[in-house]
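2 protein chains.
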Amino acid sequence: MTDILLESPIADDFAGWQAEGVSPFFPTVGSHAGNRVRMNSRDGVLMFGSCDYLGLSQHPAVAEASIRAIRQFGTNTYGAQALCGRTVLHEGVEEHLARLHAKDAALLFPSGMSANLAVLTSLAGPEDTVINDRLNHISIFMGARLSGAKIRTYQHNDMRRLEAILSSSTDKRRRIIVTDGLFSADGDLAPLDEIIVLAQRYDAMVVVDEAHSFGCLGPRGLGAADHHGALDKVDVIVGTMSKAVGSTGGFVVTNNQIHLALRTTAPSYTSSRGASPAVAGAALKALEIIEHDGLALRTRLGENVEYISSGLRSEGIDLANTSSQILPVMIGSEDTTIRVAHRLIEYGVFTAAFTFPNVPKGQARLRVGVTATHTPAECDELIDKLLLVRKEYPF
Amino acid sequence: MTDILLESPIADDFAGWQAEGVSPFFPTVGSHAGNRVRMNSRDGVLMFGSCDYLGLSQHPAVAEASIRAIRQFGTNTYGAQALCGRTVLHEGVEEHLARLHAKDAALLFPSGMSANLAVLTSLAGPEDTVINDRLNHISIFMGARLSGAKIRTYQHNDMRRLEAILSSSTDKRRRIIVTDGLFSADGDLAPLDEIIVLAQRYDAMVVVDEAHSFGCLGPRGLGAADHHGALDKVDVIVGTMSKAVGSTGGFVVTNNQIHLALRTTAPSYTSSRGASPAVAGAALKALEIIEHDGLALRTRLGENVEYISSGLRSEGIDLANTSSQILPVMIGSEDTTIRVAHRLIEYGVFTAAFTFPNVPKGQARLRVGVTATHTPAECDELIDKLLLVRKEYPF
Chain X
1 MTDILLESPI ADDFAGWQAE GVSPFFPTVG SHAGNRVRMN SRDGVLMFGS
51 CDYLGLSQHP AVAEASIRAI RQFGTNTYGA QALCGRTVLH EGVEEHLARL
101 HAKDAALLFP SGMSANLAVL TSLAGPEDTV INDRLNHISI FMGARLSGAK
151 IRTYQHNDMR RLEAILSSST DKRRRIIVTD GLFSADGDLA PLDEIIVLAQ
201 RYDAMVVVDE AHSFGCLGPR GLGAADHHGA LDKVDVIVGT MSKAVGSTGG
251 FVVTNNQIHL ALRTTAPSYT SSRGASPAVA GAALKALEII EHDGLALRTR
301 LGENVEYISS GLRSEGIDLA NTSSQILPVM IGSEDTTIRV AHRLIEYGVF
351 TAAFTFPNVP KGQARLRVGV TATHTPAECD ELIDKLLLVR KEYPF
Chain S
1 MTDILLESPI ADDFAGWQAE GVSPFFPTVG SHAGNRVRMN SRDGVLMFGS
51 CDYLGLSQHP AVAEASIRAI RQFGTNTYGA QALCGRTVLH EGVEEHLARL
101 HAKDAALLFP SGMSANLAVL TSLAGPEDTV INDRLNHISI FMGARLSGAK
151 IRTYQHNDMR RLEAILSSST DKRRRIIVTD GLFSADGDLA PLDEIIVLAQ
201 RYDAMVVVDE AHSFGCLGPR GLGAADHHGA LDKVDVIVGT MSKAVGSTGG
251 FVVTNNQIHL ALRTTAPSYT SSRGASPAVA GAALKALEII EHDGLALRTR
301 LGENVEYISS GLRSEGIDLA NTSSQILPVM IGSEDTTIRV AHRLIEYGVF
351 TAAFTFPNVP KGQARLRVGV TATHTPAECD ELIDKLLLVR KEYPF
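Line by line, the protein sequences are chains X and S.
Every letter in the first sequence is one number past the one before it in our numbering, and letter 29, counting from 1, is 29.
Every letter in the second sequence is one number past the one before it in our numbering, and letter 121, counting from 1, is 121.
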């Protein structure tokens, strides 16, 4: 059955763009140097499709810590974290995260996706309802489906609908509200303050995925819950180290009881290898930098966001409702978005094309990822090139 | 709802062993040096719970390649692999894997689990049947569940039962047989030759997870399919780089059509960060070593396996049906297994305690992982200490 036909309109779209020579996807990156990358044999492409919001993946001290970890441990641990794969570096990251959040404990995962799978499969079962914002990360929906719970979904940030679902779910053992803190394709925030009021009214748990907000948002840079002063009212915080932390892997910060359940029963923890020493070592150093220098980095990030977003908006470019370092340049048509992204690379600027199914059909966009390390000249270059391409492909 | 009770007998067991001071789980590892680790402040613990079967996580050339990758790229890529996260190192690993297997293409994942999720959710849907060996890795069951396919399970390696399931599934669009190549807790092989005959008879696809066999088994070290000379008859090969390759992450090797579907539609690929540069750099060097020096490493591994298994079996220790570097020291009782593993650590030898639910209730065991780099003296030390502990805790 090797010549089986896989019917996939999405794969067909990708193959079509590739054949036409306009696909911006799957570029090969030859090297990184600050905000410039070598991409498909083109040197010096300016990176504006990044999730490395604080520039820490390029920080010399983070690189040196990662190299030290390899010299101390080699290139991998010897087994699952529960058995023999948890080093002092992993322990250090977990202790640091728990202390920062003033929570009982933290747990590291190989990815943010595996963290979400663990949380949902551990907290929810067929007797429960998992209530999702429609724009939550897909790994949350995957975890909810694996849990066997009833899945209810509300339109993006629609608190009236959330309350209606809560009030019709009081017969369930648990109601678990899950929301991204900062939405990855739109750049707007969840109304966490309102969600918490509703959760208390209807005796629901709250899980917040701070993948794109950790390091960037809130007075201490811990994310949306920190921004709302609500860390103590959130039951579970999920995060990743692959964005602002400049390393890879995911984490969960929570109370002792949930922590114990996750680390002893969640297959995406117990049956998957943890971070390599290099990854944990980089994360530990990056967390120290975020704690001590984070405010300065976030201030620079905010200035860059303000500069670019006001520059683009003054030219009539639609950035939807973003209030963060994620700037969605709304285009609409998938085909136009692909062509704009491709031409931008030819002009030496990379932005991430987001098309269906990562965003709803007809809401395709460029996802501009601003970082703390972009210089004013680099911000200008983005704006200039984007306006240039818009003349060719109006949007 | 923060003080919610999570009912979990498994978590209770872990907490109980911890409170009693006999838990061998969650040790903190302070450093690695060859086959010795610093564990819970105890120096020089001999590692026999490892999946680093060829010793490559401790290979100087692999470490140097990983360090070079950090110097070239920093500690992470800038985004998803489809967008800007695929470097020349990732490309190199994929090309190497595809060439070794003589298949169209390979694709890297952040973990073996994410690779299995991608394969199952891309190949299977509600119109299909996924047919699993009961002892397959849990990520295969998770992927099958997410796919919405009908899931059928046969007793371990029971080919009569597999044929019965196939013959009663002919009304389905696809029949997808999934099996571990080498079973992770038992160390025995799947009868891939028989599975392939049945797959051809009933027009079924074959997916083999070579997590524990890649690098270790077959004339070219590619795993169970290589061992059976059946690489061309297997539709999809899944593997990990966290065992014999000495790095982390997973991979899929397959034909162009499935490869396109995976990289454009599978959420565990498209919506999860790929390997860090350090991880990809280590893997690339390790694959070169496996290609050029693998035969010598596998020969040494085989000698160590033969030495230890005959030594233990001659003392009446039950190693079940293993025929590989995974030696299950069958004990039965969960409590005895925990105590034996704990006392072995006190004697300076680490083995991995496998208890329910990772193995069936009452079939608890120590999982001894032999590597190519264990010396004869280290093999003797394992045997001696195990026999010593058996006097104290008979099994």
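These are calculated hints, taken from the structure and not from any lab test.
Accuracy of the hints is not assured; some may be wrong.
The list treats identical chains as interchangeable, and a pair is accepted whether it falls inside one copy or across any two copies.
Claimed, not checked - Mimicking DSBU-like on lysine-lysine, the simulated pairs with C-alpha atoms at most 35 Å apart in a straight line are:
hint, residue 1, residue 2
1, K361, K172
2, K150, K361
3, K233, K391
4, K172, K391
Computed from a predicted structure; not experimentally measured.
To see whether the hints hold, each was checked on the structure:
1. K361 - K172: Classified as both; 34 Å inside a copy, 31 Å across copies.
2. K150 - K361: Classified as both; 26 Å inside a copy, 30 Å across copies.
3. K233 - K391: neither (49 Å within a copy, 52 Å between copies)
4. K172 - K391: Classified as neither; 55 Å inside a copy, 52 Å across copies.
Going through the hint list in order, the structure does not satisfy hints 3, 4.
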